[in-house]
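The residues making up each chain are set out below.
Protein chains: 6
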Amino acid sequence: MFSVTVRDQMMIAHSFHGEVFGHAQRLHGATYVVDATFRRVALDADDLVVDIGRAGEELHSVLAELTYRNLDEEAAFAGTNTTTEALARVVADRLADRVHAGALGETARELEGLVVTLHESHIAWASYERPL
Amino acid sequence: MFSVTVRDQMMIAHSFHGEVFGHAQRLHGATYVVDATFRRVALDADDLVVDIGRAGEELHSVLAELTYRNLDEEAAFAGTNTTTEALARVVADRLADRVHAGALGETARELEGLVVTLHESHIAWASYERPL
Amino acid sequence: MFSVTVRDQMMIAHSFHGEVFGHAQRLHGATYVVDATFRRVALDADDLVVDIGRAGEELHSVLAELTYRNLDEEAAFAGTNTTTEALARVVADRLADRVHAGALGETARELEGLVVTLHESHIAWASYERPL
Amino acid sequence: MFSVTVRDQMMIAHSFHGEVFGHAQRLHGATYVVDATFRRVALDADDLVVDIGRAGEELHSVLAELTYRNLDEEAAFAGTNTTTEALARVVADRLADRVHAGALGETARELEGLVVTLHESHIAWASYERPL
Amino acid sequence: MFSVTVRDQMMIAHSFHGEVFGHAQRLHGATYVVDATFRRVALDADDLVVDIGRAGEELHSVLAELTYRNLDEEAAFAGTNTTTEALARVVADRLADRVHAGALGETARELEGLVVTLHESHIAWASYERPL
Amino acid sequence: MFSVTVRDQMMIAHSFHGEVFGHAQRLHGATYVVDATFRRVALDADDLVVDIGRAGEELHSVLAELTYRNLDEEAAFAGTNTTTEALARVVADRLADRVHAGALGETARELEGLVVTLHESHIAWASYERPL
Numbered sequence: 001m002f003s004v005t006v007r008d009q010m011m012i013a014h015s016f017h018g019e020v021f022g023h024a025q026r027l028h029g030a031t032y033v034v035d036a037t038f039r040r041v042a043l044d045a046d047d048l049v050v051d052i053g054r055a056g057e058e059l060h061s062v063l064a065e066l067t068y069r070n071l072d073e074e075a076a077f078a079g080t081n082t083t084t085e086a087l088a089r090v091v092a093d094r095l096a097d098r099v100h101a102g103a104l105g106e107t108a109r110e111l112e113g114l115v116v117t118l119h120e121s122h123i124a125w126a127s128y129e130r131p132l
Numbered sequence: 001m002f003s004v005t006v007r008d009q010m011m012i013a014h015s016f017h018g019e020v021f022g023h024a025q026r027l028h029g030a031t032y033v034v035d036a037t038f039r040r041v042a043l044d045a046d047d048l049v050v051d052i053g054r055a056g057e058e059l060h061s062v063l064a065e066l067t068y069r070n071l072d073e074e075a076a077f078a079g080t081n082t083t084t085e086a087l088a089r090v091v092a093d094r095l096a097d098r099v100h101a102g103a104l105g106e107t108a109r110e111l112e113g114l115v116v117t118l119h120e121s122h123i124a125w126a127s128y129e130r131p132l
Numbered sequence: 001m002f003s004v005t006v007r008d009q010m011m012i013a014h015s016f017h018g019e020v021f022g023h024a025q026r027l028h029g030a031t032y033v034v035d036a037t038f039r040r041v042a043l044d045a046d047d048l049v050v051d052i053g054r055a056g057e058e059l060h061s062v063l064a065e066l067t068y069r070n071l072d073e074e075a076a077f078a079g080t081n082t083t084t085e086a087l088a089r090v091v092a093d094r095l096a097d098r099v100h101a102g103a104l105g106e107t108a109r110e111l112e113g114l115v116v117t118l119h120e121s122h123i124a125w126a127s128y129e130r131p132l
Numbered sequence: 001m002f003s004v005t006v007r008d009q010m011m012i013a014h015s016f017h018g019e020v021f022g023h024a025q026r027l028h029g030a031t032y033v034v035d036a037t038f039r040r041v042a043l044d045a046d047d048l049v050v051d052i053g054r055a056g057e058e059l060h061s062v063l064a065e066l067t068y069r070n071l072d073e074e075a076a077f078a079g080t081n082t083t084t085e086a087l088a089r090v091v092a093d094r095l096a097d098r099v100h101a102g103a104l105g106e107t108a109r110e111l112e113g114l115v116v117t118l119h120e121s122h123i124a125w126a127s128y129e130r131p132l
Numbered sequence: 001m002f003s004v005t006v007r008d009q010m011m012i013a014h015s016f017h018g019e020v021f022g023h024a025q026r027l028h029g030a031t032y033v034v035d036a037t038f039r040r041v042a043l044d045a046d047d048l049v050v051d052i053g054r055a056g057e058e059l060h061s062v063l064a065e066l067t068y069r070n071l072d073e074e075a076a077f078a079g080t081n082t083t084t085e086a087l088a089r090v091v092a093d094r095l096a097d098r099v100h101a102g103a104l105g106e107t108a109r110e111l112e113g114l115v116v117t118l119h120e121s122h123i124a125w126a127s128y129e130r131p132l
Numbered sequence: 001m002f003s004v005t006v007r008d009q010m011m012i013a014h015s016f017h018g019e020v021f022g023h024a025q026r027l028h029g030a031t032y033v034v035d036a037t038f039r040r041v042a043l044d045a046d047d048l049v050v051d052i053g054r055a056g057e058e059l060h061s062v063l064a065e066l067t068y069r070n071l072d073e074e075a076a077f078a079g080t081n082t083t084t085e086a087l088a089r090v091v092a093d094r095l096a097d098r099v100h101a102g103a104l105g106e107t108a109r110e111l112e113g114l115v116v117t118l119h120e121s122h123i124a125w126a127s128y129e130r131p132l
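Chains as they are written, first to last, in our numbering: chain A, 1 to 132; chain B, 1 to 132; chain C, 1 to 132; chain D, 1 to 132; chain E, 1 to 132; chain F, 1 to 132.
Heads up, a few of these hints could be off.
Claimed, not checked - Sample of chain D residues with no beta-carbon within 10 Å of chain A, all distances over it, derived: (1) Arg26; (2) Asp46; (3) Glu73; (4) Ala78; (5) Thr82; (6) Ala86; (7) Arg98; (8) Gly102; (9) Ala103.
Stated by the list, open to error - Footprint (simulated), chain D over chain B, 3 or more residues, beta carbon under 8 Å: (10) 4-10; (11) 17-28.
Please keep in mind that the hints were generated in silico from the structure rather than gathered at the bench. We put the CB at the ideal spot given by N, CA and C, even for glycine.
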């Protein structure tokens with residue numbers, strides 16, 4: 001199995017609901033350094049997993065919909081906690097939609113799966129892994 | 001599949017038995033930067049894999065039983081080599097015991113698995129992965 | 001010249017004022033991985049620059065006054081932009097006050113200087129350096 | 001499942017064929033920081049996944065066949081693009097040959113699998129994973 | 001003293017002249033992860049060392065003149081070895097020219113100095129520091 | 001001012017004397033990831049700060065005198081605490097002796113200074129800087 005990973009980042013504000021979150025129930029923020037990993041069994045005709053330029057652009061475009069925002073005010077997240085693990089799934093699902101829509105090219109339709117990891121600091125990170 | 005990882009560290013002294021270890025048969029030591037990864041299929045009602053605060057506390061507590069010690073003198077390790085890979089299992093098994101005992105909360109009982117990685121330097125690390 | 005550095009983090013929300021900030025004029029947030037470096041010419045009687053335990057506690061305590069907050073609502077920052085470089089100075093100055101007040105111990109009064117670095121992502125960071 | 005990883009590097013020149021590569025069709029180069037991960041279900045009699053010294057030596061030896069070279073002139077790569085993902089497979093396959101030939105010792109024959117990751121910068125890396 | 005650092009990368013091919021370089025006399029390549037640090041005594045009216053967006057763009061633009069090239073064929077480097085330390089100076093001097101030409105804005109003319117660091121792998125890097 | 005840095009590591013056991021050290025008064029150990037930085041005003045005739053191969057070998061050789069040892073039993077450290085900052089000076093002074101003895105080559109005699117940094121974990125490190 002082959003994989004290729006690209007890294008980018010986003011900076012958001014949000015707050016959490018529920019006693020378990022302690023001080024994080026207050027409005028605060030985070031930088032997420034975001035890794036998107038694309039997996040496939042065999043390389044394409046160019047010896048690639050995916051066109052890394054397009055992969056980076058699509059990841060950047062997905063993150064552009066989230067960065068420099070207060071997620072508490074985004075309709076898409078109403079009624080949920082935008083925890084690191086939940087946001088990893090949001091990014092992965094939106095990237096998967098773009099793969100399925102052909103935004104990463106025809107051969108990217110042969111990708112097997114996707115992993116998105118959000119690093120919230122030097123001591124904590126979360127991932128979501130899904131098939132494509 | 002979701003995962004959340006927390007990072008901590010421990011500093012121990014030990015020596016190894018067996019020709020394969022060369023100079024490491026002498027008493028020496030290591031800092032292990034320790035990553036504990038918790039995995040589950042679906043998030044809990046708070047949109048969490050695990051309460052990251054409790055996860056960090058339990059990892060710290062497991063490491064506190066090992067750090068600032070000469071492992072050659074610990075009864076638990078008599079007759080074994082406390083290699084990085086063997087210690088990864090010790091940490092993972094002790095964390096698993098705490099999950100099963102409820103120390104990470106009720107919803108943590110739904111965790112699927114655990115990975116513990118011990119980084120012994122910038123050029124070497126070891127992991128142990130187990131179901132829960 | 002000797003130095004010792006300890007690392008911690010904080011997660012804040014804020015917004016910026018001024019066209020130069022573009023999208024960052026919107027409420028957003030950041031994780032700052034924070035390094036505090038203490039410098040002195042000669043080691044103390046224990047062969048230390050500073051008691052690293054106390055240094056870490058005082059850094060943590062300074063960051064606790066900032067983390068999980070919306071800095072736009074903090075009186076201390078009224079009329080200023082809480083840029084990474086400006087926050088580096090805030091953390092450094094508050095640490096310096098604690099050194100002068102004796103919170104890091106008597107021998108810490110012999111420290112020559114302090115550097116605080118705030119990493120806002122994997123591709124950007126800022127520092128403030130001052131004498132003590 | 002246990003694993004042990006060792007890290008080394010290589011510095012090569014190459015160019016790519018195909019419009020998808022844009023400016024990378026020109027002769028350029030890369031440093032690859034290379035991680036080789038060895039996996040097995042149970043530890044050997046010395047409590048090891050693999051003799052980490054020999055693992056590092058064999059990885060270094062595999063990389064020595066590639067480093068400080070223009071891969072465009074290597075017969076082994078004629079007609080292929082030496083992308084990061086393709087090179088990850090080359091390194092993994094050559095390491096696997098050495099494991100099978102006994103270069104990592106008799107107990108290394110019980111290894112289950114191998115992962116090789118090539119980091120080409122702070123924002124991009126690729127992996128190849130195979131059984132042994 | 002304040003500083004702000006931005007990070008980018010370039011991938012080049014080159015060879016060295018002189019026995020001291022051993023195998024590196026052969027055509028090979030490198031990824032350089034490049035950090036550019038801007039220093040000034042006091043912040044500007046926006047509480048900034050430099051507009052980080054423009055700083056990143058100018059660094060990217062300087063690196064675009066070098067990346068995906070065989071430096072052996074660049075007239076600018078005829079008769080010199082494009083060692084990591086020499087390239088750090090090239091990048092720093094070209095950035096300094098842009099600062100002086102006003103490309104980073106009027107207030108950037110108050111910058112005191114510049115440091116450029118090129119990381120050539122996980123175990124080696126070089127810097128060049130100059131006034132502005 | 002130019003600089004070049006090389007990285008290596010050592011793994012030692014030791015204990016500390018003095019109440020300030022708490023649990024670290026017990027025998028324990030550490031991995032130190034060690035960075036040695038060489039500084040000079042102008043490059044040599046080969047466009048180098050220092051022959052990086054020789055620099056790495058001399059650093060490795062200095063660390064070989066310390067690694068895989070219990071520093072409590074080394075005569076050189078009798079009556080002192082082998083803190084991270086104190087060990088940074090030991091490594092720097094021993095490297096400086098080698099530079100003065102010509103081990104890094106004739107042109108290395110023109111080096112201006114040396115910095116040695118010992119990283120003891122992901123959250124703590126210490127440096128010692130000296131002229132040559």
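query = Taking C-beta pairs only, is arginine 98/D more than 10 Å away from all of chain A?
reply = holds (21 Å)
key: Within 8 Å of chain D (C-beta), three or more residues of the region 17-28 of chain B   = holds (count 4)
Outside-interface status for threonine 82/D - nearest CB in chain A farther than 10 Å = Non-interface label on threonine 82/D violated, nearest chain A Cβ at 8 Å vs cutoff 10 Å.
task = Could you let me know if the closest chain A CB is still more than 10 Å away from the CB of glutamate 73/D?
result = About 18 Å separates glutamate 73/D from the closest Cβ of chain A, which puts it past 10 Å; holds.
query = Is arginine 26/D truly not at the interface, in the sense that its beta carbon sits beyond 10 Å from all beta carbons of chain A?
reply = holds (15 Å)
task = Check the non-interface label on alanine 86/D: least C-beta distance to chain A beyond 10 Å or not.
result = violated (5 Å)
ask   = Does the claim that aspartate 46/D lies off the interface hold, with its Cβ farther than 10 Å from every Cβ of chain A?
value = Answer for aspartate 46/D: holds, closest chain A Cβ roughly 30 Å.
query = Is the nearest Cβ of chain A still more than 10 Å from the Cβ of alanine 103/D?
reply = holds (24 Å)
ask   = Would you say alanine 78/D is clear of chain A, with no C-beta pair closer than or equal to 10 Å?
value = holds (13 Å)
inquiry  = So is the region 4-10 of chain B in contact with chain D by the C-beta rule, three or more residues under 8 Å, or is the coverage claim wrong?
reply    = violated (count 0)
inquiry  = Is the claim that glycine 102/D lies outside the interface with chain A correct, judged by CB distances over 10 Å?
reply    = holds (26 Å)
Checked against the numbered hints given earlier, this structure breaks hints 5, 6 and 10; the rest are met.
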